[in-house]
Amino acid sequence: MKTKVIIRGLVLKVASRCNLNCEYCYMYNLGDKTYKSQPKVMSQEVVIHLLMRVKTYLTESGSKTFAFIFHGGEPLLVGYDFYQNFVRKANELLPASIQIIYTIQTNGVLLSDEWCKVLGSLGIRIGISLDGLSEEANRFRLDHHGRSSLSATLQGIANAQTSKHLKYLPGILSVINPNINPDDLYKKYKSLKIRHINFLLPDGTHDNLPTGFELEQTIFADWLIKLFDNWFEDQDRDKPQITFFNQILNKILGGEGDFEYLGGGKNINLIIETNGDIEPQDSLKACGNGFTKTNMNISNHALEDSFKHPLIKFCIDSQETLCGQCQNCSVVEVCNGGFITHRYDAKNGFNNPSIYCKDLERLIHYISIRVEYLLIYSSNKNIKGNEFF
4 MKTKVIIRGL VLKVASRCNL NCEYCYMYNL GDKTYKSQPK VMSQEVVIHL
54 LMRVKTYLTE SGSKTFAFIF HGGEPLLVGY DFYQNFVRKA NELLPASIQI
104 IYTIQTNGVL LSDEWCKVLG SLGIRIGISL DGLSEEANRF RLDHHGRSSL
154 SATLQGIANA QTSKHLKYLP GILSVINPNI NPDDLYKKYK SLKIRHINFL
204 LPDGTHDNLP TGFELEQTIF ADWLIKLFDN WFEDQDRDKP QITFFNQILN
254 KILGGEGDFE YLGGGKNINL IIETNGDIEP QDSLKACGNG FTKTNMNISN
304 HALEDSFKHP LIKFCIDSQE TLCGQCQNCS VVEVCNGGFI THRYDAKNGF
354 NNPSIYCKDL ERLIHYISIR VEYLLIYSSN KNIKGNEFF
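4 is the number of the first residue of the sequence shown in the numbering used here; add one for each residue after it.
None of these hints come from the bench; they were simulated from the model.
Incorrect hints may appear among the rest.
[To be verified] Heads up, simulated BS3-like pairs for lysine-lysine below, C-alpha to C-alpha not over 25 angstroms straight-line:
#1 296 / 242
#2 316 / 7
#3 36 / 7
#4 120 / 167
#5 296 / 229
#6 296 / 316
#7 7 / 39
#8 43 / 67
#9 120 / 190
#10 58 / 7
#11 67 / 229
#12 242 / 39
#13 242 / 36
[To be verified] Using C-beta positions, here's what the derived DEER-type ranges look like:
#14 47 / 305: 50 to 58 angstroms
#15 378 / 351: 26 to 34 angstroms
#16 303 / 378: 51 to 59 angstroms
From the three backbone atoms N, C-alpha and C, an ideal C-beta is built for every residue, glycine too.
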């Protein structure tokens with residue numbers, strides 16, 4: 004029986020511009036220039052259209068939860084009123100029985116006490132992008148004048164952590180810089196009392212590899228293995244939760260879940276561009292100018308209509324369309340081909356292994372061995388299985 008596709012949420016590009024100019028950003032610096040034709044901020048007309056489409060979808064699908072992820076660009080550029088109006092309209096239009104989860108992903112530069120008060124009052128959870136606590140770690144995260152964003156971002160994190168208006172502490176999204184010592188980074192994040200971290204591999208394709216990347220090396224696996232050892236052996240109950248490691252462990256132990264970094268799945272987030280266009284995974288912009296364009300817009304298309312578009316359909320079925328090398332790989336049940344963007348080249352499309360294939364294989368093998376050792380020897384009085392989770 005074919006698995007039903009579920010839209011778990013929408014990533015809303017509420018601002019098409021950003022106050023930073025990060026070198027690795029797929030929105031602006033990896034070849035796609037379509038942001039230039041987008042309105043700078045999402046209009047109230049688009050908001051009403053998308054909420055009506057969500058209302059119809061929720062009524063027909065029977066979903067019990069739905070997520071709105073405010074994104075950009077930099078989503079704080081749209082101002083307080085946008086979010087107050089959005090949540091008010093959502094409360095008016097969407098079924099009261101549905102649990103709506105609001106999240107905003109920001110660079111934190113503008114995250115003042117007042118912003119924390121506004122977001123907290125609306126129940127919007129905060130994620131902040133930060134690559135580390137040193138200028139070297141954040142050397143790709145500069146503003147449009149080439150100036151560091153680190154001090155402003157750290158102030159934004161401090162504002163969020165001390166705000167009496169926020170129910171949840173902010174999580175951190177970090178793009179891996181393999182030149183930074185992972186042991187030091189882990190200790191520094193812990194000292195900052197960060198509780199949730201998602202480490203991302205730099206985006207790229209076979210045609211456009213990340214800066215300094217070599218296909219035959221495993222510098223990212225080597226870095227992640229050092230980080231994993233620190234995290235796995237840390238017996239502190241309040242240690243950070245690292246999403247990527249939790250997802251790999253979940254898969255190794257036979258769990259289910261649709262994780263974008265491990266091949267995606269049938270539970271998807273659709274992208275709504277600033278003008279209301281419906282698009283697939285936004286990092287696919289790294290595949291070329293206009294690559295994510297579907298010619299679908301929430302003003303004249305239902306959300307489910309997007310399932311018929313070849314690229315969105317391919318994203319949904321990406322685990323079932325792996326290249327021969329992936330199909331015969333010993334870690335395919337965990338990796339599932341990796342993040343779809345990292346499989347692409349102009350010649351073969353997505354019929355390639357990930358550019359991070361060797362890294363993923365090495366990392367997953369290593370974690371599997373550590374888990375196997377733990378399970379075998381967990382009866383030893385000195386090793387308790389729950390010490391590491």
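Cross-check of the supplied hints:
no.	hint	result
1	296 / 242	violated (41 angstroms)
2	316 / 7	holds (12 angstroms)
3	36 / 7	violated (34 angstroms)
4	120 / 167	holds (8 angstroms)
5	296 / 229	violated (39 angstroms)
6	296 / 316	holds (14 angstroms)
7	7 / 39	violated (36 angstroms)
8	43 / 67	violated (32 angstroms)
9	120 / 190	violated (29 angstroms)
10	58 / 7	holds (19 angstroms)
11	67 / 229	violated (39 angstroms)
12	242 / 39	violated (42 angstroms)
13	242 / 36	violated (40 angstroms)
14	47 / 305: 50 to 58 angstroms	violated (21 angstroms)
15	378 / 351: 26 to 34 angstroms	violated (39 angstroms)
16	303 / 378: 51 to 59 angstroms	holds (54 angstroms)
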